[in-house]
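Visitor: Listed below, chain by chain, are the residues.
There are 2 protein chains.
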Amino acid sequence: MKNQQWQLKTRPQGLIGEEHFERVVCEMTDLAEGQVLVKNLYLSFDPTQRGWVNDMESYMPPVAIGEVMRAGTVGQVVSSKCSDFDEGDLVQGLGGWQEFFVSEQGIGLSKVPEGVTPQEALGIFGTTGLTAYFGLLDLSDPKPGDTVLVSGAAGATGSVAGQIAKLKGARVIGIAGGPEKCRWLTETAGFDAAIDYKNESVVEGIARLCPERINVFFDNVGGDILEAALDHLAMNARVILCGGISGYNETEPRPGPKNIMNLVITRSRMEGFIVIDYLSRIGEFLNDMLPWYRSGQIVHLEDVQEGFDNIPSTLQRLFSGQNLGKQLLKLAEPE
Amino acid sequence: MKNQQWQLKTRPQGLIGEEHFERVVCEMTDLAEGQVLVKNLYLSFDPTQRGWVNDMESYMPPVAIGEVMRAGTVGQVVSSKCSDFDEGDLVQGLGGWQEFFVSEQGIGLSKVPEGVTPQEALGIFGTTGLTAYFGLLDLSDPKPGDTVLVSGAAGATGSVAGQIAKLKGARVIGIAGGPEKCRWLTETAGFDAAIDYKNESVVEGIARLCPERINVFFDNVGGDILEAALDHLAMNARVILCGGISGYNETEPRPGPKNIMNLVITRSRMEGFIVIDYLSRIGEFLNDMLPWYRSGQIVHLEDVQEGFDNIPSTLQRLFSGQNLGKQLLKLAEPE
Chain R
1 MKNQQWQLKT
11 RPQGLIGEEH
21 FERVVCEMTD
31 LAEGQVLVKN
41 LYLSFDPTQR
51 GWVNDMESYM
61 PPVAIGEVMR
71 AGTVGQVVSS
81 KCSDFDEGDL
91 VQGLGGWQEF
101 FVSEQGIGLS
111 KVPEGVTPQE
121 ALGIFGTTGL
131 TAYFGLLDLS
141 DPKPGDTVLV
151 SGAAGATGSV
161 AGQIAKLKGA
171 RVIGIAGGPE
181 KCRWLTETAG
191 FDAAIDYKNE
201 SVVEGIARLC
211 PERINVFFDN
221 VGGDILEAAL
231 DHLAMNARVI
241 LCGGISGYNE
251 TEPRPGPKNI
261 MNLVITRSRM
271 EGFIVIDYLS
281 RIGEFLNDML
291 PWYRSGQIVH
301 LEDVQEGFDN
311 IPSTLQRLFS
321 GQNLGKQLLK
331 LAEPE
Chain Y
336 MKNQQWQLKT
346 RPQGLIGEEH
356 FERVVCEMTD
366 LAEGQVLVKN
376 LYLSFDPTQR
386 GWVNDMESYM
396 PPVAIGEVMR
406 AGTVGQVVSS
416 KCSDFDEGDL
426 VQGLGGWQEF
436 FVSEQGIGLS
446 KVPEGVTPQE
456 ALGIFGTTGL
466 TAYFGLLDLS
476 DPKPGDTVLV
486 SGAAGATGSV
496 AGQIAKLKGA
506 RVIGIAGGPE
516 KCRWLTETAG
526 FDAAIDYKNE
536 SVVEGIARLC
546 PERINVFFDN
556 VGGDILEAAL
566 DHLAMNARVI
576 LCGGISGYNE
586 TEPRPGPKNI
596 MNLVITRSRM
606 EGFIVIDYLS
616 RIGEFLNDML
626 PWYRSGQIVH
636 LEDVQEGFDN
646 IPSTLQRLFS
656 GQNLGKQLLK
666 LAEPE
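These protein sequences, in sequence, are chains R and Y.
In terms of this note's numbering, the first sequence opens at residue 1 and continues consecutively.
In terms of this note's numbering, the second sequence opens at residue 336 and continues consecutively.
Hints should not be assumed to be uniformly reliable.
Calculated cross-link-like contacts (lysine-lysine; reagent style DSS-like; alpha-carbon spacing at most 27 Å) [to be verified]:
1) Lys258/R - Lys665/Y
2) Lys374/Y - Lys665/Y
3) Lys374/Y - Lys446/Y
4) Lys258/R - Lys374/Y
5) Lys501/Y - Lys478/Y
6) Lys344/Y - Lys665/Y
7) Lys198/R - Lys593/Y
What the hints contain is simulated information worked out from the structure, not anything from laboratory work.
Values in this document were obtained by computation on a predicted structure and should not be read as measured data.
Chain R on its own, in the form it takes in the complex:
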């Protein structure tokens, strides 16, 4: 039996592209005791994957050269020599860019909850939703009357974070690229207003749309957008550092915001988090998110590409801003 993989060939300096990966076909050996063989059905694409290929210590070790590219996946158990998993189970984990993967003792695998589709398991009910939920609610406390600003607002995490803030009664402003995304934010996702960073000044947009300044900033972008937001903080504001996609493809780290001292003047807090710290609290999250999503109070878009060949180019969609909502790629349907 053969397995196809996309392995990391070279480390990107700057923009990540297809040339940094190599398509490899390898032989699979028979399952040993305790192993679970999983066929990948859907791959998740996340900005944080860009950091995983840098040769730098971070919250996870870097993907090694010649190693299969790490990615979140939903798959189906093909065969199992581990008592916790049965053939046909839908499972999620870090299965990577490959057709099949083998888990030892089921470590890193969890079953997709009953009634949740593979797409949903990687999106709204997966790390995307979890990131939005705990990032927003654990690091801030949006209240009625508060102004919450979200960057990368039409992205998977940002769109959910903004909608949760709306459910908590806040006024929510999103920053996104292009009229289509901005329209989706206000017309479908229920944001109060949107700033199109490709066609208007973010600084002016914030000043116009946040006359009472910003109580909570949920930042996926960093760079100039972070600096603009820091200039408009309300007293005791909370800046939630979820990501900094504007800098992920830079060859040299860029200077930070000039106005960090605004945190002092406004007695504000800027804080980072990583979703993996919250995996054990998924029950708490699903208790809220299942009814919110099933009742239509929260909407979630998925951008689903297809085909093994298109895996590396699909990652690039995140950095060119082509995706609207959660970026996925379908390899196969469950049987």
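Fit chain Y to the supplied structure of chain R, relying on the hints for placement.
Guide: Only chain Y this time, still in chain R's reference frame:
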């Protein structure tokens, strides 16, 4: 009766100096009902005064051109038409750079607590001590085994913050300029080690002295020192932004640290505060600080200059790093 003042003449671009102030003699009118006339005895010099003369909204309005320079003071009541204050009372407030000042209804005046000297009232038991105490303990929770790094460590606030962290059982490293200050930190103030930023690399010093990385960083300096500290954060670290003296005399705001994303990777928090928010909790502070200081568990140095003529040049001592400990200037002894 005449009053001498140092008024703000022009706004400094860059380094603040004597040329930005004008010495003025003005007539004083008779006290009206409700007024309190105070003779200034000691002036406090604080880095934040540099910000007060910028034409920029901040946590207090800017000092206007032609207005007496704002400063913390301890003085003695000369005469009072307000029932809350009597002739001879020692009082503190924002009396400014002048020989006498008049408070309306005693607003902004508070009596120096019994048994506290004027110098102590402006230093260890005043906003300096209060800043160190609440900045450290309200924004972090240093515990035995933690590593606490303090910049501006031989300054008034930094030296106290570091000693409080020691009392809480932490390992405390200070950053200061010059061997004399560093020796004082380790030999007198009980710091575990000191980094002399004038004679060694701060990045290397931190790496050497904080092998377990930094749990709490109490920052008075900003700039490169903040960036160096952000490179060495432990998990769930707390960065307390007390001040940023390295940037106060810059004509243009400098870029911020390149490595803000380290807050994400280490799930850390950076937070600002202003001591005036804690003035109402001074009782809580004195309950701890009076016994700590009287028993010698906390030491505090005061650098006391003298003479009305020397007021503007004394402010410059803060920015050239000439002061060791709290910078004060004595105008007169209490009667």
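Visitor: Against each hint, give a clear statement of whether it holds in the structure.
Guide: Going through the hints against the structure:
no.	hint	verdict
1	Lys258/R - Lys665/Y	violated, 37 Å
2	Lys374/Y - Lys665/Y	holds, 12 Å
3	Lys374/Y - Lys446/Y	holds, 14 Å
4	Lys258/R - Lys374/Y	violated, 41 Å
5	Lys501/Y - Lys478/Y	holds, 9 Å
6	Lys344/Y - Lys665/Y	holds, 23 Å
7	Lys198/R - Lys593/Y	holds, 24 Å
Consistency note: the structure conflicts with the earlier hints numbered 1, 4.
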